[in-house]
Structures are given as C-alpha cells and as structure tokens.
Amino acid sequence: MLKTPLHLPYPTLTRRRLLTIGAGSALVAVTGLRPAEAVLKLDVTQGNVQPMPIALPDFAGGTGPDSDVARNVTGIITNNLRRSGLFAPIDPAAYIERISNPDVAPKFPDWRAINAQALVTGRVTRQGDGRLRAEFRLWDVFAGQQQAGQQYFTTPDNWRRIGHIISDAIYERLTGEKGYFDSRIVFVDESGPKDRRVKRLAIMDQDGANVRYLTRGEDLVLTPRFSPSTQEITYMSFGQGDPRVYLLNIETNQREIVGNFPGMTFSPRFSPDGQRVIMSLQQGSNSNLFTMDLRSRNTTRLTQSPAIDTAPSYSPDGTRICFESDRGGSQQIYVMPSTGGNAQRISFGEGSYSTPVWSPRGDAIAFTKQGGGKFAIGIMRTDGSGERILTEGFHNEGPTFAPNGRVIMFFRDGGGGPSLFSVDITGRNEQRIPTPSFASDPAWSPLLS
Amino acid sequence: MAHASALLWAVLTFSANPLQSAQSDSVPVDIISTTEFTQMTQGSKTAKKQDTPKPLVDKQGEKKPAPDPVQKVTEKKEIEATKSEPTPPTEQPENKPEPKPEPPKPQPKAEAKPEPKKPEPKTDPIAEALKKDDSKKKDEQKQAEAKPVPIPQKKPEPPKPQPKFDPSKISALLDKRDPQRHAATGETINRTASLGVPTGSAATLSQSDIDALRAQIQACWNPPPGALEARELIVDVRLQLNRDGSVSSEPQVMNRGNHPQFQVAAEAARRAIRRCAPYKMPIAKYDLWSDVEVRFDPREMYRG
Numbered sequence: 005m006l007k008t009p010l011h012l013p014y015p016t017l018t019r020r021r022l023l024t025i026g027a028g029s030a031l032v033a034v035t036g037l038r039p040a041e042a043v044l045k046l047d048v049t050q051g052n053v054q055p056m057p058i059a060l061p062d063f064a065g066g067t068g069p070d071s072d073v074a075r076n077v078t079g080i081i082t083n084n085l086r087r088s089g090l091f092a093p094i095d096p097a098a099y100i101e102r103i104s105n106p107d108v109a110p111k112f113p114d115w116r117a118i119n120a121q122a123l124v125t126g127r128v129t130r131q132g133d134g135r136l137r138a139e140f141r142l143w144d145v146f147a148g149q150q151q152a153g154q155q156y157f158t159t160p161d162n163w164r165r166i167g168h169i170i171s172d173a174i175y176e177r178l179t180g181e182k183g184y185f186d187s188r189i190v191f192v193d194e195s196g197p198k199d200r201r202v203k204r205l206a207i208m209d210q211d212g213a214n215v216r217y218l219t220r221g222e223d224l225v226l227t228p229r230f231s232p233s234t235q236e237i238t239y240m241s242f243g244q245g246d247p248r249v250y251l252l253n254i255e256t257n258q259r260e261i262v263g264n265f266p267g268m269t270f271s272p273r274f275s276p277d278g279q280r281v282i283m284s285l286q287q288g289s290n291s292n293l294f295t296m297d298l299r300s301r302n303t304t305r306l307t308q309s310p311a312i313d314t315a316p317s318y319s320p321d322g323t324r325i326c327f328e329s330d331r332g333g334s335q336q337i338y339v340m341p342s343t344g345g346n347a348q349r350i351s352f353g354e355g356s357y358s359t360p361v362w363s364p365r366g367d368a369i370a371f372t373k374q375g376g377g378k379f380a381i382g383i384m385r386t387d388g389s390g391e392r393i394l395t396e397g398f399h400n401e402g403p404t405f406a407p408n409g410r411v412i413m414f415f416r417d418g419g420g421g422p423s424l425f426s427v428d429i430t431g432r433n434e435q436r437i438p439t440p441s442f443a444s445d446p447a448w449s450p451l452l453s
Numbered sequence: 002m003a004h005a006s007a008l009l010w011a012v013l014t015f016s017a018n019p020l021q022s023a024q025s026d027s028v029p030v031d032i033i034s035t036t037e038f039t040q041m042t043q044g045s046k047t048a049k050k051q052d053t054p055k056p057l058v059d060k061q062g063e064k065k066p067a068p069d070p071v072q073k074v075t076e077k078k079e080i081e082a083t084k085s086e087p088t089p090p091t092e093q094p095e096n097k098p099e100p101k102p103e104p105p106k107p108q109p110k111a112e113a114k115p116e117p118k119k120p121e122p123k124t125d126p127i128a129e130a131l132k133k134d135d136s137k138k139k140d141e142q143k144q145a146e147a148k149p150v151p152i153p154q155k156k157p158e159p160p161k162p163q164p165k166f167d168p169s170k171i172s173a174l175l176d177k178r179d180p181q182r183h184a185a186t187g188e189t190i191n192r193t194a195s196l197g198v199p200t201g202s203a204a205t206l207s208q209s210d211i212d213a214l215r216a217q218i219q220a221c222w223n224p225p226p227g228a229l230e231a232r233e234l235i236v237d238v239r240l241q242l243n244r245d246g247s248v249s250s251e252p253q254v255m256n257r258g259n260h261p262q263f264q265v266a267a268e269a270a271r272r273a274i275r276r277c278a279p280y281k282m283p284i285a286k287y288d289l290w291s292d293v294e295v296r297f298d299p300r301e302m303y304r305g
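Chains as they are written, first to last, in our numbering: chain A, 5 to 453; chain B, 2 to 305.
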C-alpha cells in the first residue's frame, strides 16, 4: 500500500513576509522592556468531556460501484471514530455545505454553524491500472486550516483497511496519540451447548468485521497471543494428552509445536522482539517462569520459588516482565528483570490480582482483580501506584491492550456465555464488540501498517 | 533584520539612561497593581472636598445642560425669590444666593464663582478626550456648580464678576447641593461623593464576572484525551478581546511542552477560545478584561 502526503498550496515565506516578521519581533522586544500590562489571569480546569464533534461528509467517488466504495469508506471512518468514544460524528442531515471537490477549501462558516470542530473531506477514485486511490483532508474548522492530508493507493479489496488507516491518521492528528483502528483481534470463539462447547481460534478486524476461523475445533484452545510481527500467534492447545504451546502462521495457517515440556505449560507470550516466548511451566504443585528462544529452542528458567508464578508479560522495551504470583500468600502482581532476579511486588490492594499485561505505551499495567465476589478490570502504574478500576462486574477477565495503549479489551460472562468488551483507560467508554457467537480470551494485534 | 536588531539595540541603550537617572533620584516607590490604583483613585463618600474635585466637576458640567448657565448668571442676584424653579441647574444657583444673604452676599458669590472659572478652561479639553467614557464621568460627578458652567455659552460671564472666595463657606454650600443633585439627576451613581482623579475608576471585575468568563470558555473546551500525563498538558493562552467580546487577535500559546500531545492540547485550548467568542462581559469594565491569560489545566479532569 502506497502512502503519500497531501498538501494544499500554502503561502510561502517571501522577503516581504520575512521583513514583516522581523519588524514584528523587534517591536515585541521593545514593548517587552516595559512593565507588563495588567492581564486578567484565569484558570480553566474543568473542560467539556463530551466527544469532539466532527463532520464526515461522504467522500467524493467516481461512478457506480466506485461511489459506493467511497461512501463505505466514509462509513468505516465514521464508525471507528464514534466507537473510540472521543469523537461525535455529526448527522449528515445537518450539513449545510455539500463537498463536491475535496481540493477546494470548504466554507468554514457553514461548518462552524453546525458546531463541527473538525471536518474530513476526501475522494476515492479508480486508477487506470485498476488500483484504488483514496485521499482525505482533515480541516480545523475554527482555525480555518488544513491539519492533515494523505493519499493512498491499494487494491480494491483493501477498501476496508483504507478506511481504518485514514481513521488512524485522523485519530492521531486530533488526539496526539497513535491510532489503533488498523489492527486485528484474535480470540476464542465458543459455540454449542455449555457441556459440549466447541472452542475455535478466530481472528477479526478490531471492529468485528472479517471474522475468520483458524482452527476447526477438535482441540481445546486457550490464551492466543499475537507476535510483534502480527503474522504469528502463539496459543495453548489441549490435544491428546498434555497441553502444548503452538505457533500458528495466520497467513499460511501452518502451525508448529514450540516445545515438548514435561508437565503443563500455560500463558505463553511473545517477547517484544519476537525472538522468545515466555510462559509458565507447572511442576507438581508449583509453577515457574521460563523463556524459550524460538531459534535455538533453548529454555531459561527465570523463577525458583515454591509458589505459583504464572501469566508473565514483557514490558515494551523487553527489559522487565510482570507476572502474577502467590508467593506472598495471595495472588499479587510482581515485576522483575526479564533475565530473572529480584522480583518486587507492586499490587497491595485488597483482594487478589491476576493476568497482568504491560501496556504498549510502557506506562501502565492492566490486571484482573477479584474481591468481594466481583471481578474488576483495572490499570496501575508500573510501580503499583495510581490504581484505577475501569469496569466491575460478575465475571470480567483477560485484559489486552490496543496497540496505542488507550483501550483495553476483555471478556465478560454474565452467566449465559462470554462476550468481548472494550473500555477506554479512563473507564468512560465501554462497548461490546460484536462477534458471531460467544467469545473469550481476546488478544489485540499490533498496528498492521 | 539588521535594521530591526540595530533599532532594538538603540532602544535598549536609550532605555538604560532614564533608568539610571531615576536611581539617582532615589525616590521611594511603592508598586501597586492596576486594580489597587483604580480603587485608590476612586475616593470615598466620606472624603472631604478640596481643590482637586473641581476639575472633575468641570468635565461633567460640560456634558450637561448648556442653557441652564445662562439663567444662573442672570438670575443669581435676583433669584432669591425664585427658588421654586424645577430644573436642577437653576436650583443650584438659587441655593448659593440663600446662604449669601445671611452673611455678606457679595463675598460668597464672588468666592463661589471663581472656582468654576479656573476649572472651566481645563475641563474643556479633558472633556473632549473623555467624551467616549460617559459612564465613568457620571460617576465622578460631585458638584453642581461646574455642570451649568458648560463650555460653549457662558464661561466668561460668571467668572468675571466674582474673584475671591472662602473655602469654609464653599464647603458648606457644597454639602447642601449634593442632595439636591441627586434629586435633580435621579442617578444612583451620584451617591458617591468622592475625591479622585479623572482617570480614577472604581471598576473591578467581580468574582462572578470572572466565573462567567471561565464558564464560557469551559463550555467550549474539549481537552485532549491524555489520561496519564495531564500535568504535561497544561497550556497558557493569552488573548486580546474587543469591546463586543470578540477575539481581536490570534490567541497566543505562552508556554511550551515536550509531551507529544502538547501540540494537540494547545490546539484544543485555542479552539476553545475561538469557539466561544464573542464573550459576554460588562462593557463598563472592558479595560479589565481586554487582555486575558487563560491557563487550561486538565489535571483535575484526569485525576492527576
């Protein structure tokens, strides 16, 4: 997929402008010598936490099916931004100006009148070689300026991803954080009656579209996790006999066994460089953490405790790991160097903590917390401070971070069967993720592009 | 640029000299804020009137009735009997004569009139400059005498006859006139019999004024969704406002940040200011809200 920046012709710096700027700065310097004039000072500490109103008129398109694609791309962007909870797309019925040519600056007063803070215009056309060309511009309505502009070339069947990529570009420009829309979720799809539940590994786009099954359901599958390359998944499967850790290539559907270990293995997860897998290995009544180099297949033991150490997760820089352990008497979260060594307990609240996951941003650890008959999903800083519960309920479990660390997906079982939910790290925007049937144990991929 | 820098250097060197001379004088100086200054110059009801009030009166007098003075001049000596006249300016002259008859009439009259004479010439130019601020001038009104005297018609007539004056008697006259003034003008503003200078203004922004402005800005502020590093996203923006509450120039971001989201936070702050204009603020206090520095601090919203 090709990507090039899109610019509007903007006034360049002429000599006259430079002189004006120079004179202006000299004037500032002169007036700066005077005592400052009285200025009314004001602290604004409570803003409007409402989502930002944004206008997304349908992209201009060619004829027939191409115009449908243009409209569908607009729909994808609109849905993505709305579901993020940070944007409020304005009803197209309110639009005053009709955008026909996205290369011309819009009539900003028309968009201010409907209180749009941002405006996205664009166009999808078909190239001579059959490829799609999609372009968009993001406008700051109140400043009357273009904030971003890009164009992309791709094959027609990629139109959905185009929508996600443009969504990410808009999200990043308006929030200052990387987007997460061009990403996938792998999860365990559960169907059939409760006593004979069929569990299949499935993968879908982050918005629930394009569901695809990776296993057929003969074996019990658990804890799928993405590799940093987004091309491979590691998971655990109960086939005949002991559970084993597998590697699965999602493009070729080829799978291989990571290793044969005596006893049970749990919770495999990739290292950030994709070179190793970290997991826990059960021996008798305790379990310890091990890493395995995927090339040499050498294993290294990281913990030597008589307690149960499990659910390890790497920090994004790969230098540390967090894991859960009951060495202190109850399940708590610990952090230690990724090469082993002294582990420090970071969770001290009431109840027990489990399934810690390090944020891709590196600044937080998400966890499941149990206590008082409730399961909560929360986050805390990596030193254990600033604990914040995001959602609470009868059964919440298995948090996984979006690629930008701003959204957490987890699964909730209200009694009938599990389904997937996402919540933003402020705890404000909780949403159900549509799946074909029951779903559990989600794992979010890194950004695809 | 070379010119600009040369100009800047010249200004710097020039400005250094006056500073030094000021130091040699070694005059004790107190630093006060604008609000303190306006309040200091406002004066108070209980203040005693002295020379300074006269100029103020003159200014106000110019604005008001032009025809009245004519009557005064002519009537003054005769008027004693004609107290019943309805118009305020005419009443004042009447009052003057009243006290006069008891003591030697000619002396007090003469005394009172010279006061207006002096201020009159001064007041004309000042009044012209200050015509714009009608409300402020009204506040300052203190003495009835000056008002009738207005510029155009009869400045020369009243001053000529009466050269001298006793301050104690004048003050007595003034005290009587104040209540009359009130009745005549019907303006509550006149309640304050204050001493002050023409630039004195009692205007201060009340807390509710400030809260109103804050509320207007807050309503339009969509802070960026930075949850964990809110202290990195504090933005100071300075803006100039027009009298109608609109933003007169591009809001300037006064601080800088290294956080990747800072630019977005700054844009959100500036957008908030633009979105909510024009602001509804008391025009009388325009000088106090013409220049505003707003700190957008999202920490409370994101719990630190």
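Do not rely on the hints blindly, as some may be mistaken.
[As the list claims (entries may be wrong)] In silico contact screen, one side only, chain B against chain A (beta carbon under 10 Å); selected entries:
no., residue
1, Lys-281
2, Ile-284
3, Trp-290
[Unchecked claim] Distance condition first, Cα-Cα at most 25 Å in a straight line; then the derived PhoX-like pairs of lysine-lysine:
no., chain 1, residue 1, chain 2, residue 2
4, B, Lys-281, A, Lys-45
5, B, Lys-286, A, Lys-198
6, A, Lys-198, A, Lys-7
7, A, Lys-45, A, Lys-198
[Said to hold, decoys possible] Cβ pair distances, simulated, as ranges:
no., chain 1, residue 1, chain 2, residue 2, range
8, B, Gln-253, A, Gly-397, 18 to 28 Å
9, A, Val-53, B, Asn-259, 49 to 59 Å
10, B, Arg-296, A, Pro-160, 45 to 55 Å
11, B, His-4, A, Gln-151, 48 to 58 Å
12, A, Gly-344, B, Arg-239, 48 to 58 Å
13, A, His-399, B, Gln-208, 47 to 57 Å
14, B, Arg-300, A, Leu-224, 42 to 52 Å
Treat the hints as calculated values from the structure; they're not laboratory data.
We treat Cβ as the ideally placed atom computed from N, Cα and C, and that holds for glycine.
Item to check | Lys-281 (chain B) paired with Lys-45 (chain A) [C-alpha distance capped at 25 Å] | outcome: Distance of about 17 Å is within 25 Å: holds.
Checklist entry - Using the C-beta atoms of His-399 (chain A) and Gln-208 (chain B), is the stated range 47 to 57 Å upheld? => result holds (50 Å)
Checklist entry - Taking 25 Å as the top limit, are the C-alpha atoms of Lys-45 (chain A) and Lys-198 (chain A) close enough? => result With Cα atoms ~64 Å apart, Lys-45 (chain A) and Lys-198 (chain A) exceed 25 Å; violated.
Checklist entry - Under the criterion of a CB-CB separation shorter than 10 Å, is Trp-290 (chain B) in contact with chain A as hinted? => result holds (5 Å)
Item to check | Consistency of beta-carbon spacing, Leu-224 (chain A) to Arg-300 (chain B), with hint 42 to 52 Å | outcome: holds (48 Å)
Next on the checklist: Within 49 to 59 Å: is that where the Cβ-Cβ distance between Val-53 (chain A) and Asn-259 (chain B) falls?
Outcome noted: Given about 25 Å between the Cβ atoms, the range is violated.
Next on the checklist: For a C-alpha distance cap of 25 Å, please report whether Lys-286 (chain B) and Lys-198 (chain A) respect it.
Outcome noted: Not OK: Lys-286 (chain B) and Lys-198 (chain A) at ~73 Å, beyond 25 Å, violated.
Next on the checklist: A closest beta-carbon separation below 10 Å is what the hint needs, so does Lys-281 (chain B) meet it against chain A?
Outcome noted: Cβ of Lys-281 (chain B) sits 15 Å from chain A, so the hint is violated.
Item to check | Straight-line alpha-carbon gap Lys-198 (chain A) to Lys-7 (chain A), limit 25 Å | outcome: violated (48 Å)
Checklist entry - Honestly, do Gln-253 (chain B) and Gly-397 (chain A) meet the 18 to 28 Å range at C-beta? => result Between Gln-253 (chain B) and Gly-397 (chain A), where Cβ atoms are some 48 Å apart, the hint is violated.
Next on the checklist: Just to be careful: measuring from the Cβ of Ile-284 (chain B) to every Cβ in chain A, is the smallest value less than 10 Å?
Outcome noted: violated (15 Å)
Checklist entry - Okay, His-4 (chain B) versus Gln-151 (chain A) on CB: inside 48 to 58 Å? => result Because 36 Å falls outside the window, the suggested range is violated.
Violated hints, in rising order: 1, 2, 5, 6, 7, 8, 9 and 11; the structure is consistent with all others.
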